[in-house]
Amino acid sequence: MTSHKQHKLKMFLPLYLMMVPGIIYIFVNNYIPMAGIILAFKKYDYKLGMFRSKFIGFSNFEFLFKTKDALTITRNTLLYNVVFILLGTILAITIAILLNEIRNDKAKKAYQTLILIPYLISMVVVSYVVYGFLNSQFGYINKTILSALNREGISWYSNPQYWPFILVLVYLWKSIGFNCIIYFATLVGIDKGYYEAAEIDGANKWKQIIHITLPSLKPTIIILTLMAIGRIFYSDFGLFYQVPMNSGALIDVTNTIDTYVYRGLTQLNNIGMVSAAGFYQSVVGFILVLTANFIVRKVSKENALF
Amino acid sequence: MVTTDRFYQTLLHIVMLILCAICVLPFLLLISSSLSSEQSLVIRGYTFWPSHLDLSAYKYLFIGSKAILRGYIISTLVTVLGTLLSLVLTTLFAYPLSRKNLPGRNFFAFFVFFTMLFNGGLVPSYIMWTQMLHIKNTIWALILPNLLLNAFNIIMMRTYFSSNLPEEVIESARMDGAKEFTILTRIVIPMSTPIMITVCLLVGLTYWNDWLNGLYYISKDQYYSIQVLLTKMLKNIEMVKKASSAGASSMTLPSTSIRMAVAVMGVLPILVVYPFFQKYFVKGIIIGAVKG
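Line by line, the protein sequences are chains A and B.
The numbering used here numbers the first residue of the first sequence as 713 and each following residue consecutively.
The numbering used here numbers the first residue of the second sequence as 18 and each following residue consecutively.
Next up, chain A with everything else stripped away, as it sits in the complex (with noise of 0.2 Å):
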């Protein structure tokens, strides 16, 4: 028995050996920083350390939710993130199913080509073109469509109002193609069977799409949706520090919990209630994802994440 364990173990031994180097990385990039969690709890002190710092109990907590801003990073974070996920479902679905229905090849694949482009430029560059369009100066939007119109330019980066529409928009913009190229990914494998023998049963498209197309794409909805309401609590830092350039003037419709953390780390100073904050992101995040997760798993055991 134990020379069958000692062979098992020469065999399977290099396979651990090489695991090693990415174990190591793991545990010092993601679960140092769990642990790391504690300073919430904490009063920070820089001579220290994260783990020697002093225990002070729910103060952090206390001062973060009697300011105004933790309602409103929390409001921002949620709203979006729901508008996020059900327009993006939606609309990635719809131009999914375009595509599947367009039988020239050669077109296809240039349209999936196409609408992937945005999703490959990084949000410093996107941040560059919707000041093209937004710039109050020479803008596209000012300088040629508002003035055609006999119209007197907006400063946009000043009036918070445009924002939540202008944010929405973005968002679509450069997430709807990969999106929907995982979801065409889904259509691609359904049975072309189905299809015929509802054709002779004398289906529509409408009703095709209705009673076969949706039907197959539901568990790839689910489990995008899962981990979309598992990253409830983030927020693209990108989208809403970069695109509205940091303009102090759109920070009620701008501020998410990301940014908060970034300028409180970066401005504030205030270690202890950008931790507090950063816990109640982490684990209120983490605590969303199992209730849903839990929620699929009931409804429809093979679904589920985990």
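There could be a bad hint or two in this list.
Stated by the list, open to error - Using 35 Å as the maximum straight-line C-alpha spacing, the simulated DSBU-like pairs for lysine-lysine come out as follows:
1) A/LYS904 - A/LYS919
2) A/LYS759 - B/LYS237
3) A/LYS717 - B/LYS196
4) B/LYS117 - B/LYS296
5) B/LYS296 - A/LYS917
6) B/LYS296 - A/LYS919
7) B/LYS153 - A/LYS778
8) A/LYS1013 - B/LYS117
What the hints assert, rightly or not - Chain B side only, calculated, beta carbon under 8 Å to chain A, not exhaustive:
9) SER57
10) PRO113
11) LYS117
12) PHE124
13) PHE128
14) VAL129
15) GLY137
16) LEU139
17) MET213
18) VAL289
19) TYR291
20) PHE293
21) GLN295
Simulated from the structure, these hints should not be mistaken for laboratory data.
Each residue gets a CB set at the ideal place from its N, CA and C atoms; glycine is no exception.
Put chain B on the given structure of chain A with help from the hints.
The following block gives chain B in isolation, referenced to the frame of chain A:
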């Protein structure tokens, strides 16, 4: 029936063409503005088509500014080194995970998967990288935090290996006396080109486009990658002036078009490389998505 079908297809093409135009046209505004003269920008603003071509912004960037060249060198170095390291780490981790008889396989898979569900957030990471590992203002700050950031890549590659490589091939190689490492390099990797290229592209893209680590960990000009330079320049055109050599002071600074020119320089490599890899990229995403 045939005519309604023709009509339907035409309508689809029109809708898709409009969508593609929405995706691509905004970049034209960027390119066109970078090619316009300062006066025409003041008069006409940013437009989709330059009224007359003026290359002075680019002339300035190439002749007057050391920052751009340096940014390109840093970006290229970080992208190549980071992508290689990341690909090696990912493959070395994913291959053992794909072996169905490896004891403890589920534990290690969960070790990776859990990082997708839970993390410590920015503050502990920042403190760890700066106070314990001291990467601030080194080239490592642009490489290390992104190395295996995306656990999804490991999972995607593992799934590809375990569903696309017949176990018999690996088994018979071992019968012939091949070592595990040889099996990986001689059999597994050559048989998995699509997934290797896809992961390579996804990681390469992350490295080329990364500006966040530069924002967190870099405060010295000499380590600015092209994206970090762009970040700093969006608000502050002085950045370019400050970073340029003395020879440039005699030139007038086309400050409006120059920003757009730097942005074009930031996307250019991607737009040049993408068409060549496009077929692997789209296919790779499709494979990864279906199987992953």
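Numbers of the earlier hints that this structure fails to satisfy, in rising order
9, 11, 12, 17, 18 and 20
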